[in-house]
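*Asks:* Chains as they are written, first to last, in this note's numbering: chain A, 35 to 391; chain B, 35 to 391.
Misleading hints may appear alongside valid ones.
[What the hints assert, rightly or not] Below, in silico cross-link-like pairs of lysine to aspartate or glutamate (EDC-like), each with a Cα-Cα straight-line distance of 20 Å or less: (1) B:Lys-56 - A:Glu-53; (2) B:Lys-56 - A:Asp-100; (3) A:Lys-56 - B:Asp-96; (4) A:Lys-56 - B:Asp-376; (5) A:Lys-56 - B:Glu-83; (6) A:Lys-352 - A:Glu-53; (7) B:Lys-56 - A:Glu-319; (8) A:Lys-56 - B:Glu-82; (9) B:Lys-352 - B:Asp-340; (10) B:Lys-56 - A:Asp-96; (11) B:Lys-56 - B:Asp-376; (12) B:Lys-56 - B:Glu-83; (13) A:Lys-56 - A:Glu-82; (14) A:Lys-352 - A:Asp-374.
Honestly, the hints are just simulated from the structure, not real lab data. Fair warning: this is a prediction, and the values are worked out from it, not measured in the lab.
Protein chains: 2
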Amino acid sequence: MSQFWSAVVHGLTPYVPGEQPKVSNLVKLNTNESPYPPSPTVLEAIREELGSDAARLRLYPDPNGDALKATIARRFGLAAGQVFLGNGSDEVLAHAFQALLKHDQPILFPDITYSFYPVYCGLYGVEFRTVPLDERFAMRVEDYCVANGGIIFPNPNAPTGRLLPLEAVERIVAANPDSVVLVDEAYVDFGGESAAALVPRYPNLLVVHTLSKSRSLAGMRVGFALGDARLIEALERVKNSFNSYPLDRLAQCAAVAALEDEAWFDTCRNQVMATRARLDSALAELGFEVLPSAANFVFARHPHRDGAELAAALRERKVLVRHFRLPRIDQFLRITIGTDADSEALLSALREILAGA
Amino acid sequence: MSQFWSAVVHGLTPYVPGEQPKVSNLVKLNTNESPYPPSPTVLEAIREELGSDAARLRLYPDPNGDALKATIARRFGLAAGQVFLGNGSDEVLAHAFQALLKHDQPILFPDITYSFYPVYCGLYGVEFRTVPLDERFAMRVEDYCVANGGIIFPNPNAPTGRLLPLEAVERIVAANPDSVVLVDEAYVDFGGESAAALVPRYPNLLVVHTLSKSRSLAGMRVGFALGDARLIEALERVKNSFNSYPLDRLAQCAAVAALEDEAWFDTCRNQVMATRARLDSALAELGFEVLPSAANFVFARHPHRDGAELAAALRERKVLVRHFRLPRIDQFLRITIGTDADSEALLSALREILAGA
Numbered sequence: 035m036s037q038f039w040s041a042v043v044h045g046l047t048p049y050v051p052g053e054q055p056k057v058s059n060l061v062k063l064n065t066n067e068s069p070y071p072p073s074p075t076v077l078e079a080i081r082e083e084l085g086s087d088a089a090r091l092r093l094y095p096d097p098n099g100d101a102l103k104a105t106i107a108r109r110f111g112l113a114a115g116q117v118f119l120g121n122g123s124d125e126v127l128a129h130a131f132q133a134l135l136k137h138d139q140p141i142l143f144p145d146i147t148y149s150f151y152p153v154y155c156g157l158y159g160v161e162f163r164t165v166p167l168d169e170r171f172a173m174r175v176e177d178y179c180v181a182n183g184g185i186i187f188p189n190p191n192a193p194t195g196r197l198l199p200l201e202a203v204e205r206i207v208a209a210n211p212d213s214v215v216l217v218d219e220a221y222v223d224f225g226g227e228s229a230a231a232l233v234p235r236y237p238n239l240l241v242v243h244t245l246s247k248s249r250s251l252a253g254m255r256v257g258f259a260l261g262d263a264r265l266i267e268a269l270e271r272v273k274n275s276f277n278s279y280p281l282d283r284l285a286q287c288a289a290v291a292a293l294e295d296e297a298w299f300d301t302c303r304n305q306v307m308a309t310r311a312r313l314d315s316a317l318a319e320l321g322f323e324v325l326p327s328a329a330n331f332v333f334a335r336h337p338h339r340d341g342a343e344l345a346a347a348l349r350e351r352k353v354l355v356r357h358f359r360l361p362r363i364d365q366f367l368r369i370t371i372g373t374d375a376d377s378e379a380l381l382s383a384l385r386e387i388l389a390g391a
Numbered sequence: 035m036s037q038f039w040s041a042v043v044h045g046l047t048p049y050v051p052g053e054q055p056k057v058s059n060l061v062k063l064n065t066n067e068s069p070y071p072p073s074p075t076v077l078e079a080i081r082e083e084l085g086s087d088a089a090r091l092r093l094y095p096d097p098n099g100d101a102l103k104a105t106i107a108r109r110f111g112l113a114a115g116q117v118f119l120g121n122g123s124d125e126v127l128a129h130a131f132q133a134l135l136k137h138d139q140p141i142l143f144p145d146i147t148y149s150f151y152p153v154y155c156g157l158y159g160v161e162f163r164t165v166p167l168d169e170r171f172a173m174r175v176e177d178y179c180v181a182n183g184g185i186i187f188p189n190p191n192a193p194t195g196r197l198l199p200l201e202a203v204e205r206i207v208a209a210n211p212d213s214v215v216l217v218d219e220a221y222v223d224f225g226g227e228s229a230a231a232l233v234p235r236y237p238n239l240l241v242v243h244t245l246s247k248s249r250s251l252a253g254m255r256v257g258f259a260l261g262d263a264r265l266i267e268a269l270e271r272v273k274n275s276f277n278s279y280p281l282d283r284l285a286q287c288a289a290v291a292a293l294e295d296e297a298w299f300d301t302c303r304n305q306v307m308a309t310r311a312r313l314d315s316a317l318a319e320l321g322f323e324v325l326p327s328a329a330n331f332v333f334a335r336h337p338h339r340d341g342a343e344l345a346a347a348l349r350e351r352k353v354l355v356r357h358f359r360l361p362r363i364d365q366f367l368r369i370t371i372g373t374d375a376d377s378e379a380l381l382s383a384l385r386e387i388l389a390g391a
């Protein structure tokens, strides 16, 4: 605390990201990164931008990211004016809370969801009301057909991994023509169907993606939003009042290369989905209840073992998973899908733990 | 305009950065980039981080940037807890406006200064009062010894290039023990003395630097703030409520390498200062009034030629400089210091223009 802090700083409870360990001998299944490297074309694109002396790095990047916007627009069959870029999807979400979700009525999001949402509300003074998921951790469409100042949810949801079918997403968007509905699709490439196809028909829909998961570029910080040009303009106005150049030169060219290699993308996400299916079965055999997941992680609990204790016992065996000390989910582990070898290491550690006292 | 926009979006007047042309046959003296490439160690560091397959890019960067903070702390003789990192100094400034400059009383900044400051005020609802520079565009210390909610100014000032001596900076900081005084030192390495040395003695002082100018890394987006640990904590709280990972992996390792090569840094900035001295004289010979500059640009006007017309005529001759349509300075050109060859191209174009009708 300090007399120099503004009022908002005193009230903040910042987001705490998953551990990024500085040692490398861990099986890291805690922050939903891809176990596979980015497309080889990413390395080529960065090397080309660097040239022989990195001289281009002395120059500012394109503040508007036109090449990247064009690439994204092409992939989704949209116009460049329907694309917004950010430094990871977290920055995109932050601008969206300030630009599009701050109105007179509270916004709605699930009671169990990405824990950054209430933090953004605190930062920008956005009122919110949480909507309980049902007993199987599914969203009920009718709960979102009530008066609100905006709606946001991840699809698939995090940390549950549960998917809302596209027709249900559309019913929520259609039922709220006077509110922005933000669908956070960080994990949609692992089994969901994107709401991006609905953008041309719904001026109130904003779809947010990241290159951190299915494109293996968490280290480069690129996210984007797709929506009606008027929604995008609001985001651009806030972005251009905050930081003209949030994406550096290497991030922009890496993102273009990653988005253009569809074959690599499909191979990696198919491998993740195949590993997920195998891990699902193996965890069930060990007695875990595993929620159906359309994401690159599973959410699972053991009927007889405490979630926090399991996470700690795995940590001792050099396997990192994520555990949330939150109501309704404190018995669950969120386990990122790694390689099959990562699954084996996890399962072997779990067998040892479950065989113990 | 749209019903979906929040109230703040309607009222914004975003910042407009200098043109980043997509063609390369221009003499680019409009956005104060270094004419020299970054240290060769930057290229090495990026290549090492990329490895043979860029596999590390699949992993999130260090959210706290500990290695970079340690490097900066060492260079300035401070503790890591006195260092804050941002995606360019613009992001650092944005967080500072929200975290440290929003109080009951208006903040103060010069009437002629970095034109992003009033934009930040609009974004966060910070009231401000501008303080006129004197007739030679210098700050008067006594003008900043009045009640205020905070003070911010660049030193050297932009776009004038004029330097406030360190003892005058200290008088302002000492006269305002109840306000944060933010000294924006983007250009200090080209002839100024940093206020960083005052940080241990003044808990109200925040000094902001960028790697975009004197470290030749505009393309990589790295800035930082130095200040008392309580000021830094306020910035960290806002940053961690906005985006956990604003600096990507390559930006962090490029910045460490650039900051560790002091010899390269000194060579480049000395060359810039030598070129500036030659350009000063040459512009004076052409009849320009040139303000004394401690930055990597000069601010100059011709007694008989309109500033906007000169900028346009230079643009036609493929030389980009910056012109501001603002009160008191609309007859000036802000000219970045490039190489000596860039100066020659500029001077040759100016001779042609001045010889014309």
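*Asks:* Against this structure, judge whether each hint is valid.
*Replies:* Cross-check of the supplied hints:
Restraint check for Lys-56 (chain B) and Glu-53 (chain A): not satisfied, since their Cα atoms lie roughly 40 Å apart, outside the 20 Å limit. Taking the CA atoms of Lys-56 (chain B) and Asp-100 (chain A), the gap is near 10 Å; set against the 20 Å cutoff, the hint holds. Only pairs whose Cα atoms come within 20 Å are accepted, and Lys-56 (chain A) paired with Asp-96 (chain B) is accepted, the gap being roughly 8 Å. Between Lys-56 (chain A) and Asp-376 (chain B) the alpha-carbon distance is near 45 Å, which puts this suggested pair outside the 20 Å criterion.
For the suggested pair Lys-56 (chain A) and Glu-83 (chain B), the alpha carbons sit about 14 Å apart, so the restraint of at most 20 Å is met. At most 20 Å may separate the alpha-carbon atoms for a hinted pair to count; Lys-352 (chain A) and Glu-53 (chain A) meet this at roughly 13 Å. Note on Lys-56 (chain B) and Glu-319 (chain A): the hinted pairing is violated, with a Cα-Cα distance of about 58 Å set against a maximum of 20 Å. A threshold of 20 Å between alpha carbons decides the hint, and for Lys-56 (chain A) with Glu-82 (chain B) the separation of about 17 Å falls inside it, so the pair holds.
Restraint check: the Cα-Cα separation between Lys-352 (chain B) and Asp-340 (chain B) comes to about 18 Å, which is no more than 20 Å; the hinted pair holds. For the proposed pair Lys-56 (chain B) and Asp-96 (chain A), the alpha carbon gap of about 8 Å is at most 20 Å, so the pair holds. Distance restraint check for Lys-56 (chain B) and Asp-376 (chain B): the Cα-Cα separation of roughly 19 Å lies within the 20 Å cut-off, and the hinted pair is therefore satisfied. Only pairs whose Cα atoms come within 20 Å are accepted, and Lys-56 (chain B) paired with Glu-83 (chain B) is rejected, the gap being roughly 28 Å.
A C-alpha spacing of about 29 Å is found between Lys-56 (chain A) and Glu-82 (chain A), which places the hinted pair above 20 Å, so the restraint is violated. For a cut-off of 20 Å, the pair hint linking Lys-352 (chain A) to Asp-374 (chain A) stands: about 17 Å separates their Cα positions.
Violation of the numbered hints given earlier is confined to hints 1, 4, 7, 12 and 13; the remaining hints are satisfied by the structure.
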